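**Q** Protein chains in written order, with the working numbering: chain A, 1 to 1121; chain B, 1 to 352.
It is possible that some hints are incorrect.
Stated by the list, open to error - Quick list of in silico lysine to aspartate or glutamate cross-link-like pairs, EDC-like style, CA-CA up to 20 Å:
| no. | chain 1 | residue 1 | chain 2 | residue 2 |
| --- | --- | --- | --- | --- |
| 1 | B | LYS325 | A | GLU734 |
| 2 | A | LYS215 | A | ASP279 |
| 3 | A | LYS373 | A | ASP331 |
| 4 | B | LYS293 | A | GLU246 |
| 5 | A | LYS1081 | B | GLU107 |
| 6 | B | LYS289 | B | GLU299 |
| 7 | A | LYS765 | A | GLU734 |
| 8 | A | LYS948 | A | ASP360 |
| 9 | A | LYS726 | B | GLU299 |
| 10 | A | LYS192 | B | GLU299 |
| 11 | B | LYS289 | A | GLU246 |
| 12 | A | LYS591 | A | GLU540 |
I should point out that these hints are in silico values taken from the structure, not numbers from a laboratory.
Every value quoted in this text rests on a predicted model; they were computed, and no experiment measured them.
Listed below are the residues making up each chain.
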Amino acid sequence: MTAFRSVLVITLGMAAGAVGQDYARRAQELEYKGDAAQARELLMRAVQENSNDVAALRAYAEFLDEHRDPGARAAYERLLAADHGGDRVNVARRLVILDLLAGDRASAAQHLEAYRAAGGAGLSMPPATNHKSAERQTISIPGPLRSFARMAALSPDLAPEDLLPALARNIVTNGYQAGSGNEGLEQTEYLKLIVRYLSQARELEKLAGAEHTIKIATCESEATGELLRVLGYRMRGGCGADLVLETVNATRAFLTIDSGFPLAELEQALRTNRPFVYDYHPTQIPILYGVDYWQSAREKATGEFIDYFISDPPMCRLYLGLAKLDPITADAIRKTTPAPRLKAYAHVLDFFGGMFQIRDGKAVVPGSPRSDKAWAELAGVGPDKGAAFFEKLITRDDGWLASYFDALLRINGPVRDYLTEPERMKRFYAAIRGKVTSPGPARPVFRSNTDMMLLTTRLRLDPNGKPHVPGNIQVWKDLFITHPHGKYDGKLTKSAAGWKDPDDVLEALFALCRKAVENEPLKMFMAVSDVERRRSKPLEPGTVARLIRDYRSLGAQYVIFGDVPSVSDQSIVMFLDVAQETMQMRDQLLKSDTAGTVQALVSIWEILCRQGAISASDADATLASILSPFTKIRRERELFDAGRNGVNVILKAAGAPANASPQDAMMDLIAGAVHASDTETATQVVQDMVRIFEAQRLISLGTLFDLADNLEKVAAGAKLDPALVKKLSSRIAEIQPPRASLTTVERNSLAFGYWAEKHIDNERKVNIQAAIEKAGSDAEKLRDVRGLLAPFLRDTLVAFNYAHYAPPGAQVLQTNPVFVRSHDFLGLQGIAQTWKNTELFGSGWPANAGGRLVGSLVGLPYALAEAEQNFLVPSREQALIWGDLVPQMLVTATVPRWWHVTPSQLHWVNLHMAYGEAVLAQAALDSKMRENALAVLELHAPPARVRKIQSLVEQGDVREALENVTPAEMFAMAAHLCENDATSMLAAEIRQRAKESPRELNYAAISRAFGTPKPTLTNSYAPELLNIRTFPTLMGYSSRIMAESWESNLLYYAALADEIHIPPSQLNVMIPSWTQQTVEKIFATHLEDWPALLRSLRMVGDDARQKARRQLAGAAAGAGE
Amino acid sequence: MKPARDQRVQRGVAVTVIRNFTMAGIATAVCAAAFFPLAHQLKAQEEKRPVFRIKVDMVVLSFTVTDSKGRYINGLKPKDFRILEDGIPQKIATFAEGNRPPLQVMEDGSTKPLVTEGDIKSGPEARADAFVGTNVFVLFDTSNYMYRGFVYASDAIADFVRGLDRADSVAIYTYSRNLNRAATLTRERNDAIIGLRKAVAGDDSALYNCLLLTLRDAAKVPGRKVVIVFSNGPDNASMVAPDDVRAVAEDEGIPIYVISTNEVNKDPISSGVFRRITQRTGGKSYFAKTWQKQVEAFESIREDLGNSYTITYYPQPNPNEGFRKISVEIVSDVAKKYRVRARPGYRPRGGF
């Protein structure tokens, strides 16, 4: 706390001894140098040695507070006791806040008294109501929750009120499938097992009797046989040590095991003839609005609610939809609209209801109040009618209007203002709606309005207030009129001739959002917009036209231009030319090697630009120099020379000395370890990469270049260096496959295309000595021999990329020695994949050489993460959230590097977290602060969650409220509020620090340091924070967007590192490790179960804190001795 | 002298020594302002210090000896065997039969106990008896492929665990798309069975991924170890190939046993892979569709474990950094009719 601490040191210096001030100053110096651990130790010593020195006590307490150390409370307590000066009011106020954050209401009340006694005013404790004990209706489920949760694939960590919605979601998405032979739905195996389990659980409940306890007194007792019958087991061998339980009824036995019944414990009890006791109380689960809302009296008589619930998927969907609404809105809607009518539109409510909000009886609509009338026209009822408006909204146009409403309500700022201009809003909706509204956007199991959400989220406005259209209108008119890729829409083709305004293009893009087929123009628009987003000068219209023309074959590569905004139009065109040239190559091996080499070089260039090793001013010239020789490759020798030139160009641009070993220099650059002050961490990172190189049996750049030089000399009449040839041949020998598990016939019967094998096979056959002998004395032919090295150079360059992006563990890279070599740059026959996104092929094919990556290198980070995700070992028996989320989390840990992050940046993030928490705590005591905090949270979190936080804060349960705020939301809220908060010392500290170091402590710098790569959402791997709402589960490719919209991990880790005094450089090792642990601890119920991810994140944080505190205690004990 | 990391890329042998350089380099690197601190520090250190290249990897080799009718031959002594690695005779360091404590083989061929009675009684935590008994890793398929036979398989494994020798330790791992360490290595049978009975069924099958992770865990444990795979066969989610997994097992000296619940002719390719993987690691494969056959298969594995010999040796100098062929010869004339089943060889450990 620079501002805070220095001010206090001065003011208190008069009263306190100079010792404390001196300690505070020295600690501050240490902290600024990045040695927070030493600073802490120093201050602790100061307090121990000068227990009555107010300045020392204060400095120590504030240091702990700033770093969110739990010891801060005790330190402030001591300060409060020692300080009789005028600052007691601030100390007491801070204590109240910390007490609430710690969940200690009693202490908070005491300190509030102290605050008032010291002259403080304006804060009051919230009324003590226990929201948990509030009366709510429940339903009963037989047996323990743990067993039911296992059978229904629910996380046992779910809050009670979230159980039924989670079950409803599972029933909707996994419970039913189209029946064979009739139009009805039939139960899936998942649901059948739940039904069978419930039946078994009821039988067990009968055995448990009125005491709800299954008791087996002895092995011989009558109850034993009956229990075993229900469980599907029988005894083999008589009672005693030889007894074994074995399956007699497989169906029942399966349920017993799968539901986690303690069979082994029962068996052990029977073997030792000890009583077996198992608590079998039924589980009470809260239900929204009570059973009466969902079932008629007649229906209630037919059986238990849970059976009725799982047998009615529309009802499950309605339950899910209503559960997503904030309680006040849901209550209003259900009171206005009869349940059967709501049920008919449950699918629309489920997908688009989450953003509905009624406030003071009025519907909150995007663009209000200016757009109120337009919404009234579109829906047929005005927003002032609240629930009636929403009823109309969900029933209108098969859900299209609700979908549009949702897309607009999810965004904020000038784009929303622009799109909700009444006439424009109606115009665009008319385009979306079209004439035929069926099928609606809520028909599938997952949302299909991805394109509309993308368009509204990613649209940019130019300084003139108009939407940004890359190139000019003509470029887009041409696309729709001449349609080089085929017609998109006949009507749009006709109307395009008259386009004059950006809104005309936008209208067409909105219209295409309706299409069920892939919306290519929108993707082009987004991709090119993203290329332009960070450029200082927009692209030339000609370049935009070229990018549009080449989009289908080369669009995946545009990410590169988005990542490095200083690349010129000329270099972009040169890149496209080289790519087109490569595609025309007829020699498939040369094509594959050329594509691999140029892509690997460009990717290395991109990494070094991202890491700052190649400056923005050199980036374009470097790319042009890399690409230039690739415009005319005809044979392998030219390819080798072009590749070698590329390496030299990159090394020179990155400032490597001319005499450095190219291998070492490249490795250090790729690892980001150049100039690293923390050599221990840098060495560790480099060693991890070298280990991968070694496992992949690759040939170093040094050896390849030395050999090439020697071959050049041979052409001039010198002798071949046998040592170099031996190096190469010994490495080639290592890639000879050991005896295969499969015969050739078996491999061919199962495996797909073998181009990658051809590449490896050719390498295996390379014999330099024989090639030289064959060339005889022909100097030109002798020079051609170095072309034999081109495939090896390709592999080495590709491997730098694989090593850089290797996910934590890297099991595939460590185990399959030809994984890098088997990268298939050609792809399946008939599909030109050379410049397409990287894809994973061949997993689960025991017959081939394991999985491999196919396509270009542009999506390598994601593809490698995808390949690795199944090697992660869940720490609990079920882990249900993998798929798209985990690879994206791994990418977040492998693409960014933190060598240039400063200790001040870590601390600044942590200060924001501390301030955000303080804001929520203060919100419990101060209604004005509550209003401000919730208003900001509403920009990021859905209404239902904001209302929950509000309710918790109003009841003083700050700890629980914090559990409902993600780190990204906390950071955004703090950033939003700290600017104008004159009362908070933490806010003052944030501002003061930013003022002192404006270049490193600003939101753009933090976004670069702790933002996440979003290749699907932003067409770029450049890390950034967008501060957007998390996306829902979407259909198709866009399911990755949901994962990309989660921005909390790195911010959380940054704050954690500051808290436990980890230097920023160590984040390069710790973040991959923490990420792996976070993934392994996730226990989620469904894809959107963000709370599960948050829980996991916090568990990892708690583990790290405990470890750090143990070390600290150990160090203190050591020092004491 | 060649650049440090160039050398590491070329060969794995020098790796340990160079790592020492790296660590030594750290102390001075902080004050160095050279452009590439790491590369320069490493090189500077390398130039100053002598290089000693020593390989200390011990090879653990388990094998069985059977007569022409497949009956186990017990009671053979160290002097009855000759171990060759690429034709180079090796000196046996320790020798053990079945689950008996290992014996140290002296220079003159005599033996003496390696582990005392006290060591064995000191409990599993002490691990002084790490080389007594076998560390058995059971990898149980709980994927959708195993859905129907899940409970019977669970019973068969439970029986197997109960019947293991007292000296053996057992770990129960289950797998579907991911690995689950249901019970980590323990001598407490009941703990292992509790873990087994908590397995959850369902999901894709990534057999070879999970077998690889199991082997990696097993490799960290000292002493003799085996992996027993109980699977239906198919794999629809692995990234690594059977060959690569088998190579890890070969190099680590871990026999793989497979009990497939599929019939051989139903999935001939998986069956073929199982056969070859097990043969080449010194294990065995069984095709046991019924519960009874599965129990018999486990019984056979147990017999194999109880009747195998385990020797260790430190390899004699051998320039071959690739696959080294191991042969176990029985030198006694009477015993020449006997058949030895062992892994065919291994690759010396490279990397770091």
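**Q** Next, verify each hint and record whether it holds.
**A** So, going through the hints one by one against the coordinates:
Annotation: proposed proximity of LYS325 (chain B) to GLU734 (chain A) holds, straight-line Cα distance about 15 Å (limit 20 Å). Pair hint LYS215 (chain A) plus ASP279 (chain A) holds up; C-alpha atoms about 9 Å apart against a cutoff of 20 Å. Note on LYS373 (chain A) and ASP331 (chain A): the hinted pairing is violated, with a Cα-Cα distance of about 25 Å set against a maximum of 20 Å. Simply put, LYS293 (chain B) and GLU246 (chain A) have alpha-carbon atoms about 15 Å apart, close enough for the 20 Å limit, and the pair holds.
Restraint check: the Cα-Cα separation between LYS1081 (chain A) and GLU107 (chain B) comes to about 52 Å, which exceeds 20 Å; the hinted pair is violated. Distance check on the hinted pair: LYS289 (chain B) and GLU299 (chain B) sit about 15 Å apart at the alpha-carbon level, within 20 Å; holds. Among the hinted pairs, LYS765 (chain A) with GLU734 (chain A) is consistent with the structure: their alpha-carbon atoms are about 12 Å apart, no more than 20 Å. Annotation: proposed proximity of LYS948 (chain A) to ASP360 (chain A) holds, straight-line Cα distance about 17 Å (limit 20 Å).
Annotation: proposed proximity of LYS726 (chain A) to GLU299 (chain B) is violated, straight-line Cα distance about 51 Å (limit 20 Å). As the CA atoms of LYS192 (chain A) and GLU299 (chain B) are separated by approximately 36 Å, the hinted pair breaks the 20 Å bound. For the hint pairing LYS289 (chain B) with GLU246 (chain A), the CA-to-CA distance comes to about 17 Å; that is within 20 Å, so the pair holds. Using a Cα cut-off of 20 Å, the hinted pair LYS591 (chain A) and GLU540 (chain A) is violated, with the two alpha carbons roughly 30 Å apart.
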